[in-house]
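Add chains B and C to chain A, keeping to what the hints say.
Chains as they are written, first to last, in the numbering used here: chain A, 1 to 331; chain B, 332 to 641; chain C, 642 to 996.
If you are wondering where the hints come from, they were derived from the structure by calculation, not from laboratory data.
One thing to keep in mind: the hints can contain errors.
[To be verified] Once the Cα atoms are required to be at most 27 Å apart in a straight line, the calculated DSS-like pairs of lysine-lysine come out as:
| hint | chain 1 | residue 1 | chain 2 | residue 2 |
| --- | --- | --- | --- | --- |
| 1 | A | LYS31 | A | LYS176 |
| 2 | A | LYS180 | B | LYS620 |
| 3 | A | LYS176 | B | LYS599 |
[As the list claims (entries may be wrong)] Stretches of chain B that chain C covers, calculated by requiring three or more beta carbons in the stretch to come under 8 Å of a beta carbon on chain C:
| hint | region |
| --- | --- |
| 4 | 413-423 |
| 5 | 560-567 |
Here the structure is a predicted model, which means the values were calculated and not measured.
Every residue, glycine too, gets a C-beta built ideally from N, C-alpha and C.
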Amino acid sequence: MRVLRMVAALTVVTVVLVVAAVPPGQAAPAKLRVAMILPGTIQDADFNAVGYVALLELKNTLGADVAYSEQVAVADAERVAREFIASGFNVIAFHGGQFLTIVQKLGPAFPDVNFIMESSGRVDGLPANVWNIGRKFYQGFYTLGVLAALSTQTNVIGYISGVRLPDFVASLNAVKFALKEFNPRAELLYTFVGDQNDPVRARQAAEAVIARNADFIIIQVNLGAFGVIEAAKAAPRKVLWTTFYTDKYTLDQQRFSASLLLDFTKPYRDVVARISRGQRGGYYEMRPGAGMSLGVIRNVSNETKLRVLKVFNEVVGNTRKIDEIIDRIVD
Amino acid sequence: MTLLFDAQLLRLTLIVMVPFLIAALGELLTERAGVLNVAIEGIMVVGAVTGFLVTFSTHRYGWGLLAAMGAGAAIAAVLAYFCVTLRASQLTVGLGLFVFCVGLGSLLYRIVIGVRLMAPQIRTLPPLPLPGLSSLPGVGPILFTQNALVYLAFIIAMAVSVFVFRTSWGLRLRAVGENPRAADVLGIGVFASRYVFTILGGALIGLAGGYLPLGITGTYSDGMVGGRGWIALMLVIFGRWTPSLVLLGALLFAYIEALQFKVALVAKAVPPQFLLMLPYVFAILVLIKVYQGAAAPEAIMRPYDREERA
Amino acid sequence: MTETQAPSAVLPLPHRPRRLPWERAGIYMLGVVVALAIAGIAITLVGGDVRSAYATVLRVSLGSVVGVGQTLNKMTPLLLATLAVVLSFSGGYFNIGVDGQIYLGAIFATGSAFALGALGLPRVVLIPAVLLAGIAGGALYAFIPAVLRAVFAVNEIFVTVMLNFVALFLTEYLATGPWNDPLAGEAITRPIPAAATLPMLIPRAGTHAGILIALGAVVVVAWLLARTVLGYQIRAVGDNPRAARIGGVPITVVTLVALTASGALAGLAGAVEVSGFHYRLILGLTPGYGIMAILIAVLARQHPVGAAVAAFFFAVLLVGSDSLQRSVGLPASAVFVFQAVIVLTVLLAEALRKR
Numbered sequence: 001m002r003v004l005r006m007v008a009a010l011t012v013v014t015v016v017l018v019v020a021a022v023p024p025g026q027a028a029p030a031k032l033r034v035a036m037i038l039p040g041t042i043q044d045a046d047f048n049a050v051g052y053v054a055l056l057e058l059k060n061t062l063g064a065d066v067a068y069s070e071q072v073a074v075a076d077a078e079r080v081a082r083e084f085i086a087s088g089f090n091v092i093a094f095h096g097g098q099f100l101t102i103v104q105k106l107g108p109a110f111p112d113v114n115f116i117m118e119s120s121g122r123v124d125g126l127p128a129n130v131w132n133i134g135r136k137f138y139q140g141f142y143t144l145g146v147l148a149a150l151s152t153q154t155n156v157i158g159y160i161s162g163v164r165l166p167d168f169v170a171s172l173n174a175v176k177f178a179l180k181e182f183n184p185r186a187e188l189l190y191t192f193v194g195d196q197n198d199p200v201r202a203r204q205a206a207e208a209v210i211a212r213n214a215d216f217i218i219i220q221v222n223l224g225a226f227g228v229i230e231a232a233k234a235a236p237r238k239v240l241w242t243t244f245y246t247d248k249y250t251l252d253q254q255r256f257s258a259s260l261l262l263d264f265t266k267p268y269r270d271v272v273a274r275i276s277r278g279q280r281g282g283y284y285e286m287r288p289g290a291g292m293s294l295g296v297i298r299n300v301s302n303e304t305k306l307r308v309l310k311v312f313n314e315v316v317g318n319t320r321k322i323d324e325i326i327d328r329i330v331d
Numbered sequence: 332m333t334l335l336f337d338a339q340l341l342r343l344t345l346i347v348m349v350p351f352l353i354a355a356l357g358e359l360l361t362e363r364a365g366v367l368n369v370a371i372e373g374i375m376v377v378g379a380v381t382g383f384l385v386t387f388s389t390h391r392y393g394w395g396l397l398a399a400m401g402a403g404a405a406i407a408a409v410l411a412y413f414c415v416t417l418r419a420s421q422l423t424v425g426l427g428l429f430v431f432c433v434g435l436g437s438l439l440y441r442i443v444i445g446v447r448l449m450a451p452q453i454r455t456l457p458p459l460p461l462p463g464l465s466s467l468p469g470v471g472p473i474l475f476t477q478n479a480l481v482y483l484a485f486i487i488a489m490a491v492s493v494f495v496f497r498t499s500w501g502l503r504l505r506a507v508g509e510n511p512r513a514a515d516v517l518g519i520g521v522f523a524s525r526y527v528f529t530i531l532g533g534a535l536i537g538l539a540g541g542y543l544p545l546g547i548t549g550t551y552s553d554g555m556v557g558g559r560g561w562i563a564l565m566l567v568i569f570g571r572w573t574p575s576l577v578l579l580g581a582l583l584f585a586y587i588e589a590l591q592f593k594v595a596l597v598a599k600a601v602p603p604q605f606l607l608m609l610p611y612v613f614a615i616l617v618l619i620k621v622y623q624g625a626a627a628p629e630a631i632m633r634p635y636d637r638e639e640r641a
Numbered sequence: 642m643t644e645t646q647a648p649s650a651v652l653p654l655p656h657r658p659r660r661l662p663w664e665r666a667g668i669y670m671l672g673v674v675v676a677l678a679i680a681g682i683a684i685t686l687v688g689g690d691v692r693s694a695y696a697t698v699l700r701v702s703l704g705s706v707v708g709v710g711q712t713l714n715k716m717t718p719l720l721l722a723t724l725a726v727v728l729s730f731s732g733g734y735f736n737i738g739v740d741g742q743i744y745l746g747a748i749f750a751t752g753s754a755f756a757l758g759a760l761g762l763p764r765v766v767l768i769p770a771v772l773l774a775g776i777a778g779g780a781l782y783a784f785i786p787a788v789l790r791a792v793f794a795v796n797e798i799f800v801t802v803m804l805n806f807v808a809l810f811l812t813e814y815l816a817t818g819p820w821n822d823p824l825a826g827e828a829i830t831r832p833i834p835a836a837a838t839l840p841m842l843i844p845r846a847g848t849h850a851g852i853l854i855a856l857g858a859v860v861v862v863a864w865l866l867a868r869t870v871l872g873y874q875i876r877a878v879g880d881n882p883r884a885a886r887i888g889g890v891p892i893t894v895v896t897l898v899a900l901t902a903s904g905a906l907a908g909l910a911g912a913v914e915v916s917g918f919h920y921r922l923i924l925g926l927t928p929g930y931g932i933m934a935i936l937i938a939v940l941a942r943q944h945p946v947g948a949a950v951a952a953f954f955f956a957v958l959l960v961g962s963d964s965l966q967r968s969v970g971l972p973a974s975a976v977f978v979f980q981a982v983i984v985l986t987v988l989l990a991e992a993l994r995k996r
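For reference, chain A alone in the conformation it holds in the complex (with noise of 0.2 Å):
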């Protein structure tokens, strides 16, 4: 009986507290108004930052309101979707895969609510309020694959992922088509960490492919890619390394090699223009040319460079296709 007493209590308490409290409700706008979803901190120089970036980008180049949650858990995902939603936002965007149910729980929920979501590939039966946008990683990897065959010199390249998600998948057997046609007496050791942003776990994979001679890594852990970059620096031999999602290269300006940058600004920009005329949902392609570039190669030779950027405008144009395995990897 206590507990009950206490329990009518704090509801009486916290009833009043609230009818005190809450001020009246908002109409939503017409205007563009644009919320982001991360599932990260925007701190982190990497895939919360380059979100958040292209978030920014909205409210200056189409004058779109922006606002943003971070470090929100899938668990909280839908909660803080429906208070922007309640708030009068318009256009709610996730910033990563792991938000696909509640994409499709909302959509139909809201219709008159436009949704983003990013994927590695189209989705079929989505809302048609749901933008979808896919990476195609492995696009980009195989350039960086064809950059590591050519600049090997112990002809072993490291390739150091955190989890076994099939896009990475795909982007290890692209590099590998990439060794295969570039530089066939080329060895790949790869490993899958576990983890996107552990980089005392990624430092350990690399120092052990380093011990195995390898003098090239490629890169495809987000934070990790720290551990990564200090075991190259320690490494007995000279180890050059490539990156994704951001320009590292003043972490390391002697062995830093290329990075395949992920620009989030256009396809959002692209995105949120359509949904402002009307095209309410869709799938959008981030991939070489769009989205994805490749930043300033350095440290290698100037042939290298040519042949690199080549192949890169290859895969931008189409005109090279690469196989996009996902459920194994190759020999």
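Okay, now just chains B and C, sitting in the frame of chain A:
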């Protein structure tokens, strides 16, 4: 055999063992005094961020490491106030502080560094060749050319071991953790001891956190501690509250972890996640083998109250 | 060293004088008010509007049907995880592996939904089957530390923490490997069949029926601990293991049952999250519910009904304070600091009151 033992593998084991060992030794001192510090993972986060930020702005490793220790000590002092003076639940206060520290670490970085597209970086601790040993043919340059903290970790382990088991102060510490009432009767300051060793332990845990950016990555990122504090907490149990066994446990765990990455390059038929489980499964199996009812200090998690009747 | 001492005495809970729940609630409220005042000063310092910030906190968590509905969704896994902790702590067993058991429950639930859903079973059969599978998954996973503790006297804290890491890798394997949804580009599985999903309780608010299951579990655990011989024995072991042993309590059986049942509740939480909310197995399914559950359980003095009340207020705290990101523009990390300060001031108020 070359798969299981080579100099590179041992070198990596040593580098990665350091945070486990130093943090576990800090926790050991704390627990020996009868206080359980479950904020250890959070204190390592705060140690990592202060160590990084101070080294980044002063360009001095010494200041960075001292700051990491100071931050760890400060958080531990809060824990001591709650758990020793106020006799609050060590488990809840520790977990509350854990959440606090994880937020605080990230927040400090946001305030000082902000949102950037290029991560700021410090140089990692330079290798320090041990005179004589480092010129041994073969293994010398690899094993005995480590950064200073690797050697320091071993020295701390020895010092803690000697202190706890070979000095009268150590005897008093154990008395405080095992039977605070008897210790009090003998004139040992129970409250003072618990404060001192909780704070000292916190300083070591902070140092372990500071080692991550200074010794391994050169940068700070949220989540970089990655559960290593929890592992250190486990190593104290694994080591049955004795420094030498904690050292052995830390070496073993770091070795299996390093070995696993080596095996992963060869064993392609096994899904990588199962290899990644190895250190944890291995630790459980070893514990079943070695655990024969070793117990925590008797008075751990029990606040001491002078007036309370036994 | 005290190597001869019985392992069951490892990390006992501090004994405390009993306090009226009513009085305790008052202390907790005081702590919350103090914390809000501290945070209010901080918000003012960064240039935020305290009144509107706190108004938003209440509006999003309790001020509308949708807010309450979402708070209940958040409360559901928290409450089930807390009950898991309550059950094990009552016997003096420290199950720190609730998060791992949640994952195993989610794995079993997802697997059974795939397997049984393919048979085209109706919803009335499929949903209970999926929930039972989750219970079994969590229970089996907790059975490992239970046996190691009961038979080999191995510290259950150690084993449960280590198994948390193992569960994460197992989830990652399934979510990126055999069950992966290749198009999402993340560690998530294909969706489970619609017939295996829990019905909505408040469709407009997106509230699923999981909260009813959690409240049902409160009744079961309360009855088990207060009204059954087993419950009495669990509490006896928790209060004083030596006396319980002398009194003829079968310690081995109690250990096995208490820890396994605790894991079963955690597994149910995982199954409810899959079947009610995610409709898939997802890496990141539990953002540390097991740790929060320990806090809630100790604040609620390991009382199942108290756990329900505390879990509700904890959910309000998490949901409400998270809105400060949007209303004041605080970084997420500042919100975590804010939440921790509230918990710590509550503990401080309680500890000061006790002196």
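* To do: Please work out if A/LYS180 and B/LYS620 have their alpha carbons no farther apart than 27 Å.
  => Measuring from Cα to Cα gives roughly 48 Å; hence the hint is violated.
* Asked: Can the restraint linking A/LYS176 and B/LYS599 be considered satisfied, given a maximum Cα separation of 27 Å?
  -> holds (15 Å)
* To do: Count residues of the region 413-423 of chain B with a Cβ under 8 Å from any Cβ of chain C, then say if the count reaches three.
  => holds (count 8)
* Quick check: the region 560-567 of chain B, covered by chain C? Criterion 3+ residues, Cβ under 8 Å. -> It holds: at least three residues are needed, and the region 560-567 of chain B offers 3 whose Cβ sits within less than 8 Å of chain C.
* **Hint consistency between A/LYS31 and A/LYS176 [alpha-carbon to alpha-carbon, up to 27 Å]** => violated (48 Å)
Of the hints listed earlier, those the structure fails to meet are numbers 1 and 2, in rising order.
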